[in-house]
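Going down the list, the sequences are from chains A and B. Heads up: the first sequence begins at 2 in the working numbering, then just goes up one per residue. Heads up: the second sequence begins at -17 in the working numbering, then just goes up one per residue.
Hints in this document: simulated from the structure, not taken from any laboratory. Every value quoted in this text rests on a predicted model; they were computed, and no experiment measured them. There's no promise every hint is true.
[Stated by the list, open to error] Within a straight-line C-alpha distance of at most 20 Å, the following computed EDC-like cross-link-like pairs (lysine to aspartate or glutamate) qualify:
{"#": "1", "chain 1": "A", "residue 1": "Lys50", "chain 2": "B", "residue 2": "Asp150"}
{"#": "2", "chain 1": "A", "residue 1": "Lys50", "chain 2": "B", "residue 2": "Asp19"}
{"#": "3", "chain 1": "A", "residue 1": "Lys50", "chain 2": "B", "residue 2": "Asp80"}
{"#": "4", "chain 1": "A", "residue 1": "Lys184", "chain 2": "A", "residue 2": "Asp118"}
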Amino acid sequence: MSQGMEAARTGMLQHERNLEVIANNLANVNTVGYKRLAVHFRDLLSTQKALDVLFAGADRSPSAGVELDATPRIFDPGALFTSGDPLSMAIVGDGFFPVRLDATTVAYTRDGTFSHDVEGFLVTTDGYRLEPPTQILGAVAELYVTPEGVVRRRGLVDDALEDVGQLQLALFADQARLQSAGKNLFVATAESGEAQLADPGTGAAGHIVAGMLETSNVNMATELSNLIVAQRAYQFNLVAFQTANEMLQQLNEATRT
Amino acid sequence: MGRGLYTAASAMLAGLERQLSLANMVANVNTPGFKGDQTTTRSFPSVLAMAGGGGAARLGSGVLMEHVGVDLRPGPLQATGSPWDMGLEGAGFFVVEDANGGLRLTRDGHLVTDTEGFLATTSGHRLLSQENAPLQVGNATAEIGRDGAVFVEGERIGTIRVVTAPADGLLRAGGSSFVVVDAGALEPATPEVVQGSLEGSNVNTTQALTAMVSVARAYESAQRIFTMQNQILARTVSEVGRV
């Protein structure tokens, strides 16, 4: 294969991957607390001269084209919308809700769609309990969650206010390096640093807004324009491939007598 | 004998090379900080005359593609929403150091922290400060000012080095980076860093695609001439040579 064809081939392949990322973002345009993915391309081009400078004496061949080398997750905030459910919570700030997956693993989410399980514990839609566990017992007339994360109930019988729990938010040194675990959950990695738990409030972790949820930070208009750009880029590379193909065909014809 | 054959062949070779350069540019229409090629063709005789003295010029005919250098025009700055993306406004390049200690230049400001907490490109090349030292931010997110000053938790740890280099002294080294032919030709430039954005590719697709069509057509013509010359030679051998 000619190098021109190879360059066009990588262009087509990598823009196909770009389309996959955009499709994934668009599929999650209504997913509460979803954080969009971006793509990063880098060129593969290296000339023989540059290789001679870099690897003097070593035998390396020049390469061509492009690669999609990273899909960084972008954590800019989504808009808030009213859900009407007092157990819905949105975070205004950089924090995450910690949820316990099993005895040893805690995951983190921005999706504050909570409800209570049969034992009265606050759980995510997938049934994972909030960490620290918060239990609401008995008949409840009203339930509040303050911006500082205090869960307060008003009993049906005695009409008295009672604090039943204190929510905590997790903050990371570098949230962009969190690893996605599916179901809107993230797990900490060595690069993101350990979670630092803090009470909601005035700190960088932010405060809680009860009764609201955070929308996906996918911007439809941006994604659709990215989609057009990626499609066009694919087409352009296809044209480049066809041109290279045509030229090689002519080369074959030239040697025919 | 057969000089026309070589002339046509040189045009075809130059066409293939030109096509490769254009295909590379088209493949990188979405590559941050990518800079296109500036190419030209020049006629063969002058090349030979320069290379081998006046005598050689008589032999030469044909054409040669030449890389004049890198097209240094800026690409559009695009907001990415990530604090790890540094768009470079104005002229110049970031200076990075590869694993062997070699200097490279790049305008792709998509940074990561490597295993030891140093600011690096996704190719693993560490970003250098004006003191030529790598910048260690650890696990924290760095704040980078417009003047290239890097702050970690409010404390200044250095300033990003930005240099300009002559367009004809840059060699493509992959990973959106360049090596320089002559490190002495680097001139310090004033950093104009925009955190949260990346510079898009400066490839103009319309230009690249129209150029590719014209290259393909020129190649076709050269191929016709090559075939014609070949037929003439074949006829010469089979008919003129007959006793």
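Status of the hints after comparison with the structure:
1. Lys50/A - Asp150/B: holds (13 Å)
2. Lys50/A - Asp19/B: holds (15 Å)
3. Lys50/A - Asp80/B: Distance of about 17 Å is within 20 Å: holds.
4. Lys184/A - Asp118/A: Since the Cα atoms of Lys184/A and Asp118/A sit roughly 18 Å apart, the hinted pair holds (cutoff 20 Å).
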